[in-house]
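**Q** Residue strings, one per chain:
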Amino acid sequence: GAVVSQHPSRVICKSGTSVKIECRSLDFQATTMFWYRQFPKQSLMLMATSNEGSKATYEQGVEKDKFLINHASLTLSTLTVTSAHPEDSSFYICSADSGRAINEQFFGPGTRLTVL
Amino acid sequence: QKEVEQDPGPLSVPEGAIVSLNCTYSNSAFQYFMWYRQYSRKGPELLMYTYSSGNKEDGRFTAQVDKSSKYISLFIRDSQPSDSATYLCAMSKGGNQFYFGTGTSLTVIP
Numbered sequence: 001g002a003v004v005s006q007h008p009s010r011v012i013c014k015s016g017t018s019v020k021i022e023c024r025s026l027d028f029q030a031t032t033m034f035w036y037r038q039f040p041k042q043s044l045m046l047m048a049t050s051n052e053g054s055k056a057t058y059e060q061g062v063e064k065d066k067f068l069i070n071h072a073s074l075t076l077s078t079l080t081v082t083s084a085h086p087e088d089s090s091f092y093i094c095s096a097d098s099g100r101a102i103n104e105q106f107f108g109p110g111t112r113l114t115v116l
Numbered sequence: 117q118k119e120v121e122q123d124p125g126p127l128s129v130p131e132g133a134i135v136s137l138n139c140t141y142s143n144s145a146f147q148y149f150m151w152y153r154q155y156s157r158k159g160p161e162l163l164m165y166t167y168s169s170g171n172k173e174d175g176r177f178t179a180q181v182d183k184s185s186k187y188i189s190l191f192i193r194d195s196q197p198s199d200s201a202t203y204l205c206a207m208s209k210g211g212n213q214f215y216f217g218t219g220t221s222l223t224v225i226p
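Protein chains in written order, with the numbering used here: chain A, 1 to 116; chain B, 117 to 226.
It should be emphasised that the hints constitute simulated quantities derived from the structure, not laboratory data.
Quick reminder that beta carbons are idealized off the backbone N, C-alpha and C, glycines included.
Any given hint might turn out to be false.
Claimed, not checked - Here are the simulated lysine to aspartate or glutamate pairs, EDC-like style, with alpha carbons at most 16 angstroms apart:
#1 A/Lys-41 x B/Glu-131
#2 A/Lys-41 x B/Asp-123
#3 B/Lys-209 x A/Glu-104
#4 B/Lys-186 x B/Glu-131
#5 B/Lys-186 x B/Glu-121
#6 A/Lys-20 x A/Asp-88
#7 A/Lys-14 x A/Glu-87
To be verified - Sample of chain B residues at the chain A side, in silico, Cβ under 7 angstroms:
#8 Lys-158
#9 Pro-160
#10 Thr-166
#11 Gly-170
#12 Phe-216
#13 Pro-226
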């Protein structure tokens, strides 16, 4: 149990376009989901916390107008990178809080975004 | 100063060796300590989870937390080639926000 999926696993887009990444909890409901970004050889950096039915909470330095987060249901959160630029190229990972135990987050497999 | 420090390695050991992975931290408010394993191009997978100080063992894995020294360790006994991955430590104060180390890349050579 406690499986989190992400789609797509890899995306290549042109500079200036927008890309949507989906994060789904497949066998549990997640009131809270998290979006992380990971650059090569660097740690996971939390971008935002997404709560179902309310606005996301963004970490300092993360542009909320550029990284749009929608948590439409208890099993789905989406991250849209708007007007993507090459510097947005990164590995984006979501995680979901099962709510069953403190600090129990389950991570998705990640989405590799390459902006040309 | 980063809140969590972790030597990125890379670390290379022969099969069967004991592996020691470590993280240090600066914030005494951290109460929960986790170790994740991440294979290349995959999301992190929770390995061990410890609350406060002490040891926890699960099969070939042992996690140790020394809050007085702000130092945590993960030991892997009888290491296998399938253990080759990046190991991330993570900590939290009890809320949802996790603070990750940079990860240590481990290769176990057959």
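**Q** Decide, hint by hint, whether the structure agrees.
**A** Hints versus structure:
| no. | hint | in the structure |
| --- | --- | --- |
| 1 | A/Lys-41 x B/Glu-131 | 24 angstroms, violated |
| 2 | A/Lys-41 x B/Asp-123 | 11 angstroms, holds |
| 3 | B/Lys-209 x A/Glu-104 | 13 angstroms, holds |
| 4 | B/Lys-186 x B/Glu-131 | 30 angstroms, violated |
| 5 | B/Lys-186 x B/Glu-121 | 11 angstroms, holds |
| 6 | A/Lys-20 x A/Asp-88 | 13 angstroms, holds |
| 7 | A/Lys-14 x A/Glu-87 | 12 angstroms, holds |
| 8 | Lys-158 | 5 angstroms, holds |
| 9 | Pro-160 | 5 angstroms, holds |
| 10 | Thr-166 | 10 angstroms, violated |
| 11 | Gly-170 | 16 angstroms, violated |
| 12 | Phe-216 | 4 angstroms, holds |
| 13 | Pro-226 | 25 angstroms, violated |
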